[in-house]
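Just so you know, UniProt numbering puts 110 at position 110 of the sequence shown, and the rest follows in order with no gaps.
In case anyone wonders, no lab produced these hints; they're calculated from the structure.
Errors might be hidden in some of the hints.
[Stated by the list, open to error] When the alpha-carbon atoms are kept at most 20 Å apart in a straight line, the in silico EDC-like pairs for lysine to aspartate or glutamate are as follows:
hint : residue 1 : residue 2
1    : 117       : 159
2    : 7         : 57
3    : 117       : 137
4    : 41        : 51
5    : 106       : 161
6    : 7         : 43
7    : 48        : 81
8    : 138       : 159
9    : 20        : 37
10   : 208       : 161
11   : 48        : 83
12   : 41        : 81
13   : 117       : 69
14   : 17        : 57
15   : 7         : 69
16   : 205       : 137
17   : 117       : 129
18   : 48        : 37
19   : 208       : 129
20   : 208       : 159
21   : 106       : 129
22   : 145       : 129
These numbers were taken from a predicted model, which means no experiment stands behind them.
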Amino acid sequence: MGVVRGKVQLESIGITKPPKVRRTATGALSLEISGQDNGMKADALAAKMSEALSGKEGVRVGRPLMTADLRIHGFEESVTEEEIKEALAKASNLFSLTFTVGPIRKQADGLCTTLVKCPLAVANALAREGGGVVMLEKWPLQCYKCLELGHTRSTCHSDVDRTGAYYRCGNTGHPARECLAPVSCAVCQSKGMPHNHRVGGPICKGSKKRKGGGKTAEKQGPVTKPTSQAPTAGEGAESKTKPKSTKPKVVDNLTVKGFQVTQGGSFRRG
């Protein structure tokens with residue numbers, strides 16, 4: 001970052017307030033740009049940083065956006081992934097590169113479905129329009145090493161290494177999209193729990209959200225529920241406090257990993 005500070009003048013791109021710096025869950029360095037036109041300023045800063053760090057081995061500058069996943073369904077098999085990208089881009093006034101379209105699969109009714117990743121604001125607008133577009137629930141943070149929730153590989157303390165195991169069947173050795181093995185959760189199976197589900201799914205009890213995993217994750221003792229106690233003399237009635245808002249704060253940011261910095265409608269059936 002010393003190279004960047006020496007070559008990039010924030011005032012020249014309209015950034016008057018120093019960016020907020022923090023370390024992300026993956027170990028990258030995040031610079032948050034706040035204020036008016038923060039998106040444009042973040043784009044400009046990403047471009048300047050990429051230029052300043054050009055040629056630095058192992059350095060990536062990212063310009064991440066808040067994204068969401070959509071399921072598009074009900075179109076016939078002649079529609080291609082590229083046509084879906086173009087239709088979404090036209091509907092949202094964005095470039096087709098903004099959208100990532102997954103493999104197209106056939107449904108039981110003979111029509112097709114696919115998954116699309118795009119900016120959150122665009123996803124909300126498309127989902128409101130309907131027409132075969134459904135917003136999917138955001139998947140929780142998951143470790144690629146132990147497959148448990150709530151942390152990433154860089155902060156995992158578990159002795160268990162499930163790297164390469166598929167989320168659906170827990171096995172390896174075949175492409176995930178061609179998996180025909182019975183659904184089996186590797187985490188729950190190792191703990192002697194019912195495992196006829198995908199790891200980390202809604203009914204998965206073994207893959208609880210746990211910060212940093214844990215060396216004792218495979219053997220957990222019984223969970224006891226705390227007993228309620230009556231208030232003692234002198235205690236007043238329980239105060240009614242307004243719960244804190246859980247609405248996330250939206251900011252534009254840049255990520256720097258490994259000391260590298262990388263730069264970063266409606267759908268009509270075919």
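Consistency of the hints with the structure:
no., hint, result
1, 117 to 159, "violated, 33 Å"
2, 7 to 57, "holds, 18 Å"
3, 117 to 137, "holds, 12 Å"
4, 41 to 51, "holds, 15 Å"
5, 106 to 161, "violated, 34 Å"
6, 7 to 43, "holds, 17 Å"
7, 48 to 81, "violated, 33 Å"
8, 138 to 159, "violated, 28 Å"
9, 20 to 37, "holds, 16 Å"
10, 208 to 161, "holds, 17 Å"
11, 48 to 83, "violated, 34 Å"
12, 41 to 81, "violated, 32 Å"
13, 117 to 69, "holds, 5 Å"
14, 17 to 57, "violated, 30 Å"
15, 7 to 69, "violated, 37 Å"
16, 205 to 137, "holds, 18 Å"
17, 117 to 129, "holds, 17 Å"
18, 48 to 37, "holds, 17 Å"
19, 208 to 129, "violated, 35 Å"
20, 208 to 159, "holds, 16 Å"
21, 106 to 129, "violated, 23 Å"
22, 145 to 129, "violated, 39 Å"
In terms of the numbered hints stated before, the structure departs from hints 1, 5, 7, 8, 11, 12, 14, 15, 19, 21 and 22, listed from lowest to highest.
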